[in-house]
Structures are given as C-alpha cells and as structure tokens.
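Peer 1: Here are the chains, one letter per residue:
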Amino acid sequence: MAKVKGAVTIDENRCKGCDLCVVACPTDTLMLQPKEVNDRGYHFAFMKNPDNCIGCASCAIVCPDGCIEVYRMTLQQA
Amino acid sequence: MTTEEIIQSGKKVYERPRLLTENITHYCPGCGHGVVHKLVAEVIDELGIEDRTVGVAPVGCAVFAYNYIDVDWIEAAHGRAPAIATAVSRLYPNDVVFTYQGDGDLAAIGTAETIHAANRGENIVIIFINNAIYGMTGGQMAPTTLLGQKTATTPYGRQADLNGFPIKISDILAQLDGTCYVTRQAVFTTAATRKTKAALKKAFQNAMAHKGTSVVEVVSNCPSGWKLSPEKANEWLNEHMLEKYPLGDIKNV
Ligand SMILES: Cc1ncc(C[n+]2csc(CCOP(=O)(O)OP(=O)(O)O)c2C)c(N)n1
Ligand code: SF4
Ligand code: SF4
Ligand code: SF4
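Those protein sequences? They're chains A and B, same order as listed.
To convert a position in the first sequence, counted from 1, into the numbering used here, add 12.
To convert a position in the second sequence, counted from 1, into the numbering used here, add 281.
For reference, chain A alone in the conformation it holds in the complex:
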C-alpha cells in the first residue's frame, strides 16, 4: 500500500505567529513556539508532530506571509 508522507519548511523570521496555519492543518502537525520568538518578537510556527504531515499544503495556502513550503513523498509499503 502506498502511503503519502509530507514535510514543511517554515521561514521563521518571516512568520508573524498568526496561528492560521495551525488552524488550517487537518493533522495537528503544527504549533506556535510556546516561548521562543523570532527577531521581530513573534512566536513562530514549527512542526510539533512532523510524523503527522501528509503534505496537503493547506497551511501554506492560508499563510498570509508566504512562509511555508511543502514537500510530499509517496512510500511503497509491503
């Protein structure tokens, strides 16, 4: 059976911590940094549960700041 795995990159310095990617993600992959902030003082987004990502790009499509890029890979499983 083929299984789709995804991964995202997040431009931490561009991120404004708006949380909209977190809300849009159907697999609970993303989260805002609880403590750490970027140069401009925002709690930026990161992959809290990277194994969950299915590469659907929902987060990237809604990000107002174009911070997110998405990769996808199909794994062949026995």
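Worth flagging that the hints you see were computed from the coordinates, not collected in a lab.
Honestly, I wouldn't trust all of these hints.
Taking lysine-lysine pairs in the PhoX-like style, the calculated list, with each CA pair at most 25 Å apart, reads [claimed, not checked]:
hint : chain 1 : residue 1 : chain 2 : residue 2
1    : B       : K292      : A       : K60
2    : B       : K431      : B       : K449
3    : B       : K293      : B       : K476
4    : B       : K532      : B       : K476
5    : A       : K60       : B       : K513
6    : B       : K508      : A       : K47
7    : A       : K15       : B       : K293
8    : B       : K293      : B       : K482
9    : B       : K532      : B       : K482
10   : A       : K47       : B       : K513
11   : A       : K60       : B       : K293
12   : B       : K482      : B       : K492
13   : B       : K449      : B       : K513
14   : B       : K513      : B       : K476
15   : B       : K292      : A       : K15
A few chain A positions that, by computed beta-carbon distances, are all more than 10 Å from chain B [stated by the list, open to error]:
hint : residue
16   : A14
17   : T39
18   : Q45
19   : K47
Built from N, CA and C at the ideal position, the CB exists for glycine as well.
Using the hints, position chain B with the ligands against chain A.
Peer 2: Positioned in the frame of chain A, the structure of chain B with the ligands alone reads:
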C-alpha cells in the same frame, strides 16, 4: 523517513510564489491582504503576463502593494485607481491592468471612479478587498460595515437610521453593462482561498481577452480593526460577513 529526507528527496508541492518580493509585508499578523497578494502573484506567474501587467495600488493598508508583487505599479490618489487604470489600459491596450482596492477606497471616496470605469467597460480587473472597515486609519466605519458592527466611529454599533445601510457595491457593479464578470470570494479557509485564486485567474484571463471590466470582491478580515485574533476574525467573518455578503459569482457573461 525523516522530515529532512522528505525535503531532500520528496516533491515540492507548494512553493512561495516567485513574483512575491523578499520584503516582509507591513500587514498585521493574519491579515487577508497577504493571502490575496500571494494569489495575485501566483495567477500573474501562471498566465505568463508579468512583463505586461500593471497594478494600481490604493490608499489604504494596501498602499505599499507595489513593494510586494514584482510587476509594474502606479500608486493612485485615494479612490482614483480605476481612473488611473483606465488611462493605462487605453494607452497600452495589450497590457493587463488591475486595481487593488479596499472598501473605503473603492466604495466610499472612489465610488464615482469605480462605477464609471465599470460602466464604460474599461478592460481592467478590479480586486476589491472588503473587510467592512477602514483598516489603515484605525478602524473607522466603512460603507460596507455591517449593521450593529462596532467600529471607532460607531462605538455602539452601526445603526441604519444614523449611519445608513451596508452597501453591496459588487451587486451594483453587476448591473452595469460594462462588467463581464463580478464575483464575491473569501480567503478565510483553504477551500475558499483556492476558489478565490480560480476567480482571479478568470478575471485576468478576461482582461487578456479584452472582455471588459471584471470585479473580484474578496470578503476579508481586519483582525486589528475588528479587535479579534486572526482565528476569531475568520470565525466572525464566517458567522456575520457572509450573511450580508454571500459568496459566489454575481455575473458571468
Ligand atoms: C483624500 C484622502 N481622504 C482620506 C484619507 C484617509 N484614509 C486613508 S486610508 C482610508 C480608508 C482605508 O480603508 P480601506 O480602503 O477599506 O482599506 P483598508 O485599510 O481597510 O485595507 C482613509 C479614509 C486619505 N489618505 N486621503
Ligand atoms: S502540509 Fe497539510 S498536514 Fe502538513 S503541516 Fe501543512 S496543513 Fe498540516
Ligand atoms: S500562517 Fe504563516 S505567518 Fe501565520 S503562524 Fe503560520 S507560518 Fe506564521
Ligand atoms: S489594519 Fe486591518 S487591513 Fe490593515 S493590515 Fe492590519 S489587519 Fe490588515
């Protein structure tokens, strides 16, 4: 399979639009202007018209739109974008000309320019960001503000007897013979954002085919002016804005 391996050897399925500049926008966190900018950049790129596209920026929060999308731009006086766009499109008929305007710019001070450009059927795309408020100046009532909506100038909520009714300007523009396409979209969810992109593409294709005026209204948010978090603002949009401003095509000829 680690995240690094997927990024190394997987397929890139979404990348930052090529025509967005490296500048970090001045928009507030979660503001819909940023989402629409991305879509405009993607559509211009996909249609291969970046060398002949001219944007006309408004007065309003999007006043610096020319810093963010890498095409030619002109900055118009408040509300006058459709008049400037008229001139550009008549002087350069093979250029693809669009305006990008807020509801204060388009539906208050620029009502006359907007209506007459659309009525003349100027070959332009009008992108209309309706966030029901004057964002840039600190959240005053706009003509599009909902009844009952609290703003800096309607602290007890907009009242029809005192402040008049919210105006559905896209519906008015659809009545005019010069418009070929009038649609109302939104960017508060992934699905809505995809539809907005398709609508923008159609509007730009209409301009490429010299079909007249296309209007793409985008019901958007203003987390700062509405005094809500971006997530709550999008929920408020869904619960309140869409009732008055329903999504979908209003005219398509
Ligand atoms: C001639 C003139 N009148 C008034 C203003 C003040 N002003 C600046 S932006 C604006 C309205 C902005 O609201 P909108 O067009 O809805 O855009 P938003 O900021 O919400 O994106 C106003 C009234 C001005 N700059 N110039
Ligand atoms: S690509 Fe899809 S699954 Fe992965 S983080 Fe983004 S929204 Fe979540
Ligand atoms: S949507 Fe974009 S700007 Fe907002 S938190 Fe996510 S990555 Fe950051
Ligand atoms: S004031 Fe409102 S419209 Fe302007 S950038 Fe901030 S959230 Fe966006």
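Peer 1: Each of the hints needs a verdict: does it hold here or not?
Peer 2: Results of checking the hints against the structure:
Between K292 of chain B and K60 of chain A the alpha-carbon distance is near 22 Å, which keeps this suggested pair within the 25 Å criterion. Only pairs whose Cα atoms come within 25 Å are accepted, and K431 of chain B paired with K449 of chain B is accepted, the gap being roughly 19 Å. Taking the CA atoms of K293 of chain B and K476 of chain B, the gap is about 22 Å. The hint holds against a cut of 25 Å. Distance restraint check for K532 of chain B and K476 of chain B: the Cα-Cα separation of roughly 16 Å lies within the 25 Å cut-off, and the hinted pair is therefore satisfied.
Taking the CA atoms of K60 of chain A and K513 of chain B, the gap is near 22 Å; set against the 25 Å cutoff, the hint holds. Straight-line distance between C-alpha atoms of K508 of chain B and K47 of chain A comes to about 24 Å, which keeps the hinted pair within the 25 Å bound. Pair hint K15 of chain A plus K293 of chain B holds up; C-alpha atoms about 17 Å apart against a cutoff of 25 Å. The hinted pair formed by K293 of chain B and K482 of chain B meets the criterion: a straight-line CA distance of about 22 Å does not exceed 25 Å.
For the proposed pair K532 of chain B and K482 of chain B, the alpha carbon gap of about 16 Å is at most 25 Å, so the pair holds. The suggested pairing of K47 of chain A with K513 of chain B holds, with an alpha-carbon distance near 22 Å, which does not exceed 25 Å. Distance restraint check for K60 of chain A and K293 of chain B: the Cα-Cα separation of roughly 20 Å lies within the 25 Å cut-off, and the hinted pair is therefore satisfied. With a C-alpha separation of about 14 Å, the suggested pairing of K482 of chain B with K492 of chain B holds against the 25 Å cut-off.
For the hint pairing K449 of chain B with K513 of chain B, the CA-to-CA distance comes to about 24 Å; that is within 25 Å, so the pair holds. Distance hint between K513 of chain B and K476 of chain B is fulfilled; the C-alpha atoms sit about 22 Å from each other, no more than 25 Å. For the proposed pair K292 of chain B and K15 of chain A, the alpha carbon gap of about 14 Å is at most 25 Å, so the pair holds. For A14 of chain A, the condition that its CB be more than 10 Å from all CB atoms of chain B holds, with the nearest at approximately 13 Å.
Against chain B, the non-interface label of T39 of chain A holds: every CB pair exceeds 10 Å, the least being about 13 Å. Distance check for Q45 of chain A against chain B: the nearest CB is about 14 Å away, which clears 10 Å, and the non-interface claim stands. Distance to chain B confirms K47 of chain A as a non-interface residue, since its nearest Cβ pair spans about 18 Å, more than 10 Å.
The structure meets every hint from the earlier list without exception.
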